[in-house]
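> Based on the hints, put chain B in the right spot on chain A.
Here are the chains, one letter per residue:
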Amino acid sequence: MIEFYRVTKEYHGRRVLRDVSFQVRKGEFLFLTGPSGAGKTTLLKLIYRAERPTDGQLIVNGMNVSAMRLSRVPSLRRSMGVVFQDYKLLPSRTVLENVTYVLKYLGEAPSERRRRAYQVLRMLELHHRMSAYPEELSGGEQQRVALARALVNDPSLLIADEPTGNLDHRLALEVMKLFADVNVRGTTVLVATHDQDLIRRAGRRCLTLERGQLLEGLSEGSA
Amino acid sequence: MRAGVALATLLDEAVSGLVRARRMTVISVLVIAVSLLLVGTFLLAAENLRGLSETVRGETAVTVFLRPGATDADRAEISRIARDSRLAARVTHVTPDEARARFSAWFRSLAAAAASLPTNPFPESLEIVLAPDAAASAALPGLLANLAGHRAAEEVQFDVEWVRRLRGAVGVARAAGGALAVVLVLGAAFTIANVVRLTILLHREEIDILRLVGAPEFLIRGPFVVGGLLQGLLGGLIALGLLGGAYRALLFWGGRAPENLVALLGIRFLPPVSAALLVGGGVAAGLLGGLIAVRRRNVG
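Read top to bottom, the protein sequences are chains A and B.
Residue 1 is where the first sequence starts when you use the numbering used here, and the numbers rise one by one after that.
Residue 1001 is where the second sequence starts when you use the numbering used here, and the numbers rise one by one after that.
There's no promise every hint is true.
[What the hints assert, rightly or not] Quick list of simulated restraints, FRET-style, between CB atoms: (1) A/A132 x B/G1241: 35 to 43 Å; (2) B/G1051 x A/L106: 44 to 52 Å; (3) B/R1023 x A/A132: 20 to 28 Å; (4) A/R115 x B/G1280: 36 to 44 Å.
If you're looking for bench data, these hints aren't it; they were derived computationally from the structure.
We put the CB at the ideal spot given by N, CA and C, even for glycine.
Bound conformation, chain B alone:
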């Protein structure tokens, strides 16, 4: 038999087998889809936490709110203190008008109220963006004290503990997500293996007949392996579709909220590599399950 014909026959037999055992196929695919949906949810959460962590790491900033009447000399001196500490990547001056514009963009429902005020209540500030890893430096508390001690500084805002906690949470989420992914993919493989094994047991007589009429061994075992693989692929695609649907629903409802939570938190979907990994996990689980099920002691 030519390779193309053999492959077509294999696929045909696998699909017919799945259709004949459609109830078990549906249950199996749904179990796989739910398992992979959980994996995908963790991947999505880890991806967004990682993104948030990257943002925080890249954009960790100390904000020095200035007293009214601060002079150019005060601003220059505070900037110099920051630069001399070697902890600052750059210093940005934010005027009261710029601060109000930012507030209006973030909190759209309050934008009109902010604009209607007779005077601008937002103070002028200097944003000191820290160099990478400066947030964990032992010299940071000294810099914060120097900045707070300057005569033009009204308040210095920097919550280093929050940043540390966020990084810790990201690490835990990623480790837990990884462990859960392994457990759930193995669980999916186990489910597929049992469904395929049950199918084999139900078709025991049929397998014997196929052997008696001279069916090649690859056409007896092959359809079960390909069937497992197709179940895994279907489960993976359904999980990805459900995750995509949930994400789009979040975009829709989050975007309609007065404060655009999605834009504010920068929530994004799985990158293509992670999406492919999710579906690939389903395929791998299906293939593994199929191979486990057609071992000689099961098929004879």
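Bound conformation, chain A alone:
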């Protein structure tokens, strides 16, 4: 599903990722952890092609992302759901519109869009705020809307960058349970977090990044 071969990323001569190699199998659930500035977000950005590797090769869903033409990037991104660290919600659109927009350009009928959005928003306890705008929501609520948007099109790959950062402990556990449920249905899940307690509780494989280098590639946790 995801294959990194000696991937390096530099910004203006500064190496953010060095010779990173790992593989993620289809249907796997894994964590990516490390201190702030370790390169977690950059690594995720490479997967959804917001950045290009300076060196090395990167394969996602069978597509060579490092050599991908710009015109093919939207279809790559549509094949996955991404929860961004800063949520990236559309400020001029309601919660419902933010969630259904993804389905709109996938060609779903309006009634189907609404039905699926309602389901996922209900699951995230946000169905009563469908008409609200992002600025009217708390940080936790915004994070859940971002999560709903990532899940609504039932993606084959789900990437989440600090998805529980603004949530209380109970909701954070709920979200992790949600990820586990999604994973059981066959979606590959990659979660970047520095919450070690969450990683321990989940007992999944974990990759650790430090100063751009992968320290642990295959540490299997207890299930």
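Okay, now just chain B, sitting in the frame of chain A:
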């Protein structure tokens, strides 16, 4: 995505975008409408001047007012002089009663006064309708002199200078109207381009997010182009509506005037082709403005 669904999504996004930025949309549409209203006013003026010019060209006539007591032989001789000149298309005899009836139709408020006169003051006349382009012929002054010299002719009426001036005015109006139309349509396109570009700048962050969640490029740029086109279409329709309203008001007030100015001057509205051109100008300006605004350096 199927073409129908894609088109519906594009339109939906474009309309939602216009509604979200409703203040700017209203300003933009009004600017376009005013620009096109000016173009339409010139088109309307040019159309009516052209109609008037056609009428004058087709119906340019020399009127020979006859002295009382003119005989059939006099009328026949004057008609022969006109026909022999090869400048006349036809000669019509207008009796005093016909002349009075015409006057009453043109000046309705004076019709009763004209009818109440004990004798008919309108003289008998011969109307010599000139052949096309005869008004500009060098032989015309000679014909006018021959007609004026006839013993039965009291007065010969023909103002060739007025006809020439009218044609000149029509030419100038049409050229000025054409130039103004080009300038105003380009101005409207420029306005739309700037409004759309401003909208893009305001939605810069949103555009980046749409790209990150995998929106196809045509659904990112397309709504701005379609939005420009819709603004142009709306502006064109409003301009046409305002022009139509002004024309109907003119018909109403002109028709109520004692002398039916509208009927007298033969004022008419834009023909369908010109009306479609006006709205089409708005659409073209909108499309051009939208396309200019979504160039890569603006949208990224």
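> Now look at each hint and say whether the structure bears it out.
Evaluated hints:
{"no.": "1", "hint": "A/A132 x B/G1241: 35 to 43 Å", "verdict": "holds (39 Å)"}
{"no.": "2", "hint": "B/G1051 x A/L106: 44 to 52 Å", "verdict": "violated (57 Å)"}
{"no.": "3", "hint": "B/R1023 x A/A132: 20 to 28 Å", "verdict": "holds (23 Å)"}
{"no.": "4", "hint": "A/R115 x B/G1280: 36 to 44 Å", "verdict": "holds (42 Å)"}
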